[in-house]
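*Asks:* Per the working numbering: the sequence shown = residues 2 to 200.
One or more of the hints may lead you astray.
[What the hints assert, rightly or not] Listed below are the simulated SDA-like cross-link pairs for lysine to any residue, each with C-alpha atoms no more than 25 Å apart in a straight line: (1) 134 x 40; (2) 67 x 83; (3) 165 x 88; (4) 67 x 88; (5) 164 x 197; (6) 144 x 130.
Please keep in mind that the hints were generated in silico from the structure rather than gathered at the bench.
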Amino acid sequence: MKKKDVLLVIGMQVDMLPGGALEVPGGEELIPIINDLMGEFEVVIAANFCLPPGHLSFAGNHPWRKPGQVVSVNGVDVELEIMYCVQDSFGAAFAPGLAVDRISHIVEMAAEEDAIPHSAFFDTGNPRSTGLKEYLSSLPVKKLYLCGMPFDPIVVNSAIDAKKLGYEVEVLKSACRMRQPQRLNEMLNMLEANGIAVN
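Generate coordinates for the entire structure from the input sequences, incorporating the hints supplied.
*Replies:* Spelled out as structure tokens, the structure:
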């Protein structure tokens with residue numbers, strides 16, 4: 002790794018771990034892997050889910066709706082979820098054992114009620130920047146390395162957005178986990194179509 006390289010760590014939070022509200026299989030396996038990775042970078046950025054209780058992707062905020070159903074939010078189809086990574090809740094906290102002292106900066110995804118998580122850079126629904134684009138522009142960054150969860154599709158979308166912004170991008174596949182492993186080929190094809198390296 003070079004001094005101008007940045008590690009982007011996505012979704013390493015309690016609710017993504019086994020037993021969490023939005024459990025990602027094998028998520029706990031990433032803690033030591035990502036801890037080791039963070040030691041190789043001078044700049045480590047965490048992108049965390051940080052949804053308000055009234056978020057429009059929560060099924061509980063839609064009468065007679067349940068998780069898995071699809072609703073339209075500002076013209077965007079959104080699959081409803083149970084409440085997860087709610088602002089200031091235990092579920093939104095960093096995964097226990099993660100070396101948070103190595104994290105240089107934190108950005109929050111979906112921090113407004115109608116901002117639907119899309120990537121570490123941008124939310125959809127109410128399109129907004131998470132602040133990551135602006136923060137990176139203040140640094141002499143050349144290449145981004147991505148890890149974390151869920152790979153499908155937040156990590157993948159983040160990699161594609163980074164590429165569109167002009168960065169060299171590499172996804173560290175062994176340091177990612179998926180909610181739906183059957184989508185692996187679909188996600189890898191998306192990365193390949195955008196010229197993104199996967200290691």
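*Asks:* None of the hints should be skipped; say for each whether it holds.
*Replies:* How the hints compare with the structure:
no.: 1; hint: 134 x 40; in the structure: 23 Å, holds
no.: 2; hint: 67 x 83; in the structure: 8 Å, holds
no.: 3; hint: 165 x 88; in the structure: 29 Å, violated
no.: 4; hint: 67 x 88; in the structure: 21 Å, holds
no.: 5; hint: 164 x 197; in the structure: 7 Å, holds
no.: 6; hint: 144 x 130; in the structure: 20 Å, holds
When held up to the earlier numbered hints, the structure conflicts with hint 3 and nothing else.
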